[in-house]
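Residue strings, one per chain:
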Amino acid sequence: MIDQLDSLGEASLKQIQSAGSVDAIEQIRVSVLGKKGSLSQVLRGLAQVSAEERPKIGSVANQWKARLETAIEEQKATLEAGQLEARIKNEKIDVTAPGLLPHQGRLHPLTATTRKIVKALERLGFDTALGPEAETEILNFDAINISADHPARDMHDTFFVNPGVVLRTHTSPVQMRTMQSQPWPVRVLCAGAVYRCDHDATHSPMFHQIEGLWVDQKVSMSDLKGVLSYLLKELFGPDAEIRMRPSYFPFVEPGVEVDVRAKGLFKGDGWIEILGAGLVHPELFKFAGYDIKKAQGFAFGIGVERVAMLLHKISDIRHFYQSDSRFLSQF
Amino acid sequence: MKISWKWLNEWVDLKGIEDAKQLGDLLTSRGLEVESIQTQGLGLERVEVALVKSKEKHPDADRLSLCQVETARDGILSIVCGAQNFKAGDYVALARVGAELPNGIKIQEGKIRGQLSQGMLCSLDELGLAKGSEGIWVLPESSKLGTPVAEILGFDDTILDLSITPNRGDCMSHLGIAREVAAATKKSLKFPKISKLPVKKSSIATGITSGAPCSQFFGIQINGIQVGPSPDWLIQRLEAVGARSINNVVDVTNWVLFEAGQPLHAYDFDRLSGKKLLARQAESGEKIQLLDDSTVALTTKDLVIADNEGPVALAGVMGGKASQVTNGTTAIYLEAACFASATVRGTARTFSKVTEASQRFERGVDPDRVSWALQRACDLILKVAGGQIVGISSSVSAAEKKEKANAKARLIQVPRNFFSERLGLLLSDSEIERSLKSLEFEVKKVAKQWMVLPPRFRSDVKIPEDLLDEVARSIGYEKIPTSLPALTSIQTRYGDAMSRKVSLRETAKDHLVALELSEALHYGFSSRKSQEAFGFQPTVALKNPMHEDQEVMVASLLPGLVEAYALNERFHFSSEKMNIRLFELRPTFWLGESDSGTGIQERWRLSMILSGQTSAEGLHASNNSLDFLKVKGLLQSFFERSRVRGVRWESASNEAPSFLHSGLSSKLTIGRDLVGWVGVLHPSIASKRKLRQTVFLVDLDWDFLEKKMRSPWEANTYKEWSDFPPMERDFAVLIKKGTPVEKLTQIAMKVGRPLAKDAKVFDIYDGQQVAEGMTSAAVRVIFFEEGRSLRDEEVDERSALIRTQWKQELGAELRGG
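Which chain is which? The protein sequence lines are A and B, in order. So the first sequence is numbered by numbering that gives the first Met the number 0: it starts at 0 and just counts up by one. So the second sequence is numbered by numbering that gives the first Met the number 0: it starts at 0 and just counts up by one.
These aren't lab readings, by the way, just hints derived from the structure by calculation. Positions of the beta carbon are idealized from the N, C-alpha and C atoms, including for glycine. Please note that the accuracy of each hint is not assured.
Said to hold, decoys possible - Some chain A residues judged to face chain B by a derived CB distance under 7 Å, without partners named:
no., residue
1, L12
2, G33
3, P162
4, P245
As the list claims (entries may be wrong) - A few chain B residues facing chain A, derived, Cβ under 7 Å:
no., residue
5, T487
6, V501
7, L503
8, E518
9, A519
10, M545
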């Protein structure tokens, strides 16, 4: 009987190892190891075998059963691996076909530039304040030391809206609104759209400004220079240099015009006028109700378009407001 | 303001300053910004006097002549010329080979119709002198061969154009600029010698009415003058600084204005009536015809000089026509006065007559220079127009007398450490003293104070801070070190309404960019018509718009976005769809009460325009166009990201604003409040603008949305989730066409509670297999319970309830069951 088992086992093993498909193996498994399989049939003769032979034969039968089961699993795995490989070989895509692109959402370059400036200054402790674009003449002019008969009013080509109301010509009124609403210390950035009747390649009737105001008990011109020097390096690179020249803005005294020079950034490596600044004029503190003997401060104003135009070498300011995708898609 | 190098050099020695550029840098560093530097005679370097020896007709051209021209350095040259207005023996201006004329023409040797031409004979037009003058410039017979024409024209000066800030009235003259140069280079001013003022009285008296905005009024009468053209030196100087020569008398008054900054006016003495000239406020309704021929009607705000019969000059602005100095004038009355800045400014603005005189008065003239200027002008008039001084009259206001006598009132007291502290630069007393004294300030140390007396021509210096600038620019701003201000306290931004607004706006922009939209920015104003075309009535108009397409403040951002869309379509040349996805977050402007106190409300809107494909590009991308549901999904995602809850979408139908296609648009609400509108641009607007693609518009009330958003610092609370599997049931439901499918999910959620946790429509179909007038919707309901697995029976029970309610409320039947 052992011989019978061995020959059945050998034959089945060969069958399994030469099986060409998972289905064929399954059939072999049923025909050999199944309830009615050939192995079971052989074992049915076990009843006629003597009691001392029985365990021996049983153990041989179990060994064959285990061997055949392992062989089936092995052959199955080999066949499945082969099938997968064949499928993978079959599945192909032309990777040179064009990809399906999402749209590129982009911030407006003026928003991006504003954020650049704001982010740099936030590190120093500045917060952002907002104010209306249609502003009272009082806050736009009188409150910041530009009285009605002041020649400096002509520096501002003002759009008039309602009696006593103008489109703000700078964001300075936001400085005043801030000072009126809180005691010092004040560290505030006033960013937003401003308006002047002026239109050419470098002037737009609406443009954007960021003004900074710092009020505390000890504030000096060198502090202003330090802050602006840092800001200009943040914007134009670590080798950016700063130059202050005396100038005049009624809301500061002394007032300075600030030039920047940075290697390679501008043609000719010359000085470029970039912003106006100065120490806050006591008249503003008076208007805000601050103690002019104690409050000291500096203020500066920078044109966002000017910075963006320099950074991106944009030659015509009008591009900013036309939403031409040939322009907007570049930022 | 134009400054002549030569003229300046007469007032202060410019030796040691290399050239105009260096002078410009020096002035700029002192706050006098140089806008441009112009060298006279540029382009005339190779143009010189030549003599025409012979002139014959060109053998091959009727209109040209062939000339032999004698030159100083090249002998006889052959020149072909087209002009006819000269003859052999004339002296002419020859542009030599290599010259590059002011109009850009480069002179080369060449052949014209076969004849050699070795230069060009020039017209005044070609030399950039007299526009449109024809024929070549024939010079006087006294001309010397080889003389550069620049020399003949007196073009050997360099002109600096300065931009003078409004505070520096004292710098509106060569004297003023010379003063700054002198301070910077430690030199002294060179004043021209002037005669003493006459003592004899003039036959006309001057007067200032009480309260009139005039502090000094002087006049000198000169008889026996001969009015005529000015000498060359006078004309050249005036032209160099941009003025036109009129006659010798007027030219002298202008000379003194440019020289010393004091405007003067000369009247024809014989045209003045009565014995007195009065500086007085105009009477309402008075009229005067001015030198520029215009007639203006005056009010009491204007100051005039008046004789017996009425105003003869608009004080400080412009003289009157009737008494102007003409060639027939033989006697003049020369006025030098000091008028109040505000008055002159007001009058000049009111009548739009900003003149050299008004610009100086409104910035303030030197009260101590008035009589000097008058005498200086007298000296020059006697020199160029002859005549004799008859006498002088003068009036000085009480206020001026008092101010002059009381210098103490102008003293500025400054703590000793003020300069070092405020500039952030340690300065010695002597540095401060030297700086201020160089600018003619008187300085004294008294105990712990500086006592500083500014000169009278510096009316802009009144407070200690004003002195900071004087010291800083003397020392040089480059000497100031950099430091950082101390951060003495810091405030949290929590609860700060302004920070919240800024943060939400910027975050919203980021969300929209992530949702593949780009940011647009348009002007705050537009044309009324374009706003009205969208059904918006602008309520805020500009009083002084630059163009009519900028006449009103926008009431809606949509017209601007559609305009931008149209512009892009105009330049879209591809056969593919154009992809436009723009948003704009900006205020609109409305009349109405506002916190800002301006009577104008700035209502912020978030508006969008979208058109094109769902994917930007790629294989089959064009098969997938944007539709309403994609736009809706995008907005839902935006609300989700922005943590805005409870937005309801309803068909806009007859409520739809006129700019939207009512069937393809939706009204968005939260509770009872309107959030905004979404939909397809109305076809009538699209066709009027000839738009090719379907355009979606979104217009949301940002101020309202902002209120509904959580503050950036309010973190959302984490929620526990269930690990037990949910159970899903899908239903195919037949409903009447036109029933909002949302009703199905709403009912499912209401009736399926508490086990039904979500319900969604995942298919809508009304094709062939569905009966006429019906729609089939596929609804999936998701059930689960925290903490346990659901049993089939429970879910079936709920499902049955849902079906029953669908049938009851909507008459809906399950498809195929």
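Fill in: Interface hint outcome for T487(B) [beta carbon to chain A under 7 Å]
Nearest chain A Cβ about 6 Å off; hint holds.
Fill in: Minimum beta-carbon distance criterion (7 Å), E518(B) to chain A
E518(B) check passes; min Cβ-Cβ to chain A is 4 Å, inside 7 Å.
Worksheet item: Is the shortest C-beta separation between A519(B) and chain A less than 7 Å?
Response: 4 Å, holds
Worksheet item: Measuring from the C-beta of L503(B) to each C-beta in chain A, is the shortest one below 7 Å?
Response: 12 Å, violated
Fill in: Closest C-beta approach of M545(B) to chain A relative to 7 Å, hint status
Since the shortest Cβ distance to chain A is 5 Å, the answer is holds.
Discussion item. Interface hint check: V501(B), Cβ to nearest Cβ on chain A, cutoff 7 Å. Holds or violated?
Written reply: For V501(B), the interface hint holds, since the closest Cβ of chain A sits about 5 Å away, which is under 7 Å.
Discussion item. Given L12(A) as an interface hint, is its Cβ closer than 7 Å to any Cβ of chain B?
Written reply: 44 Å, violated
Discussion item. Hint P245(A) vs chain B: min CB-CB distance below 7 Å?
Written reply: Holds: closest Cβ of chain B sits about 3 Å from P245(A), inside 7 Å.
Worksheet item: Does P162(A) pass the interface check with chain B, least Cβ-Cβ distance below 7 Å?
Response: Violated, because the Cβ-Cβ distance from P162(A) to chain B comes to roughly 9 Å (cut-off 7 Å).
Worksheet item: Does the CB of G33(A) sit less than 7 Å away from some CB of chain B?
Response: Cβ of G33(A) sits 36 Å from chain B, so the hint is violated.
Hint check: violations occur at hints 1, 2, 3, 7; the rest are consistent with the structure.
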